[in-house]
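Peer 1: The listed protein sequences derive, respectively, from chains A and B. Position one of the first sequence corresponds to residue 8 (my numbering), numbered consecutively onward. Position one of the second sequence corresponds to residue 8 (my numbering), numbered consecutively onward.
Note that these hints are calculated values from the structure, not bench results. Be aware that a few hints might be false.
[Stated by the list, open to error] Just a sample of chain A residues kept apart from chain B, beta carbon distances all over 12 angstroms, derived:
1. Lys51
2. Arg73
3. Gly106
4. Lys113
[As the list claims (entries may be wrong)] If you want the footprint, here are the derived chain B segments under chain A, 3+ residues with CB under 8 angstroms:
5. 32-43
6. 50-59
Glycine included, every Cβ here is placed at the ideal spot set by N, Cα and C.
Number of protein chains: 2
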Amino acid sequence: MRLSEGVEWGAHVCGLLSVLPDGATLSGAHLADYHGVPPAYMAKHLQALSRAGVVSAGRGPTGGYRLARPASEITLWDVTQAIEGSAPAFRCQDIRTRGPVGATPKECKRMCGIAKAFLAAENAWRASLQAVTVADVMGDAAKDFSAAKIKRFATWLEDAAH
Amino acid sequence: MRLSEGVEWGAHVCGLLSVLPDGATLSGAHLADYHGVPPAYMAKHLQALSRAGVVSAGRGPTGGYRLARPASEITLWDVTQAIEGSAPAFRCQDIRTRGPVGATPKECKRMCGIAKAFLAAENAWRASLQAVTVADVMGDAAKDFSAAKIKRFATWLEDAAH
């Protein structure tokens, strides 16, 4: 089982957008440059984040991206769901109904205990991601930023942000 | 993100093996028949469960399978790990080190907050699966077994178990 790499890119993009000055935006090309990935790859994930209402895209060729709401209101689950969709990782095939001793519909009124346990585990996973916002992650990350990194970032941003 | 279908098969196989009479075993062919899947497909998952020490296989052509320990000591995480392995679903690519403002090794002494949050969510998922045993699931499922199903099962088992 592997989470799409796009989820990690999406989380980093949201982290970067969360530290933009008020009203500023970044283009898809600059977001790709910042993260060192091809623009087409970044564009795919930006579209997903935009469709899910996590980021909003300005109009026209110079229209850049910004967060659609405050970083304190965007959780890592929002980002995950935007990129991965919300289909459960465990997809019950109702195995108990198969084979020579398969349960009848009447014997299957309750959800299979195996499916129930796996879906409960996914709920725990989801709740954990819902408890962490982009603002939380960036607040924590900022503790590790050296003065040199902040200076490099400010220089890059001056050229990139619109 | 999708959990391998084999995890669900593995859990059902363990559930079936947990209700065998003491000392009885079931062959791979019978386990495949019971679940209505091709023997080769079942064999692949049985090998994984066997390698992980969840089931044990008798020797020789008539050697069947049984649980390697009591069903109350086999969790759904044991089954998941046997089939899926234990690599995390989130695999940090250290995105923070990339691009023109990439963090230096010195700025990366602590784990990236994004990776930390995703791994914490997986820990919650794992803990949830570790809290449910095959015995728990079967105890719950047994409440839905009709007398007719138990009779069908006993007839099938009489022919199949060794």
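Peer 1: Each hint: holds or not?
Peer 2: Hint check results:
no.: 1; hint: Lys51; result: holds (16 angstroms)
no.: 2; hint: Arg73; result: holds (18 angstroms)
no.: 3; hint: Gly106; result: violated (4 angstroms)
no.: 4; hint: Lys113; result: violated (7 angstroms)
no.: 5; hint: 32-43; result: holds (count 4)
no.: 6; hint: 50-59; result: violated (count 0)
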